[in-house]
Amino acid sequence: MGVEVGGCVPLLQYLGTVGRVSRMIEIDGPFYRVSEPGFEMLIPRWEGQEPESAEEADATVTLPDGTRRYATFMTLDVVGRVMDRWKSTGENLGGRYFRCSDLIVIREPGFTSMIDAVRDMIATGEIDSTCSVLPPDGGQQHAD
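Take 1 as the starting number for the sequence shown in the numbering used here and just add one per residue.
These are computed hints drawn from the structure, not numbers from a lab.
Ideal Cβ placement from N, Cα and C applies to all residues, glycine included.
You may find that some hints are simply not true.
[What the hints assert, rightly or not] FRET-style restraints, in silico, Cβ to Cβ:
(1) Gly80 / Glu50: 34 to 40 Å
(2) Asp84 / Pro37: 38 to 44 Å
(3) Thr89 / Thr124: 17 to 23 Å
(4) Ser88 / Pro30: 27 to 33 Å
Sequences are here, hints too, so could you generate the full structure?
The following block contains the structure:
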């Protein structure tokens with residue numbers, strides 16, 4: 001899949017949708033590592049998950065100043081499926097409402113949608129009110 005560089009195996013590289021920013025998505029142990037000029041994002045590698053079609057993911061977003069934030073991404077379809085499942089389990093009044101901290105709902109699946117959302121939230125300052133701050137890293141990777 002590529003040559004290992006600094007412990008990371010490059011997965012794919014493509015041009016961004018805004019300007020001509022080159023994005024790199026690498027496999028880094030149990031994570032996908034997304035490197036952008038304004039942030040880095042770690043996404044756990046879930047079985048069957050592909051960057052182009054992922055409908056949901058948890059991520060740790062690290063900003064240039066070292067601040068780390070947590071995000072959960074889901075498509076509208078995933079939210080609907082969870083609410084449907086809750087009808088039978090009784091959770092959240094039998095699926096009558098949905099709640100999830102740090103949730104970012106994306107219209108289209110894939111890491112590209114997630115990356116674009118993070119880039120926009122950083123540019124507008126919305127990341128401060130949307131994604132919780134995580135404690136300093138201390139050398140460990142997260143995105144549980």
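A quick look at each hint next to the structure:
Our hint of 34 to 40 Å for Gly80 and Glu50 is violated, since their Cβ atoms are close to 21 Å apart. At about 39 Å, the CB distance of Asp84 to Pro37 agrees with the hint of 38 to 44 Å. A hinted range of 17 to 23 Å for the beta carbons of Thr89 and Thr124 is inconsistent with their spacing of about 36 Å. Between Ser88 and Pro30 the Cβ separation comes to about 31 Å, which falls inside the hinted range of 27 to 33 Å.
Of the numbered hints given earlier, the model fails hints 1, 3; all others are met.
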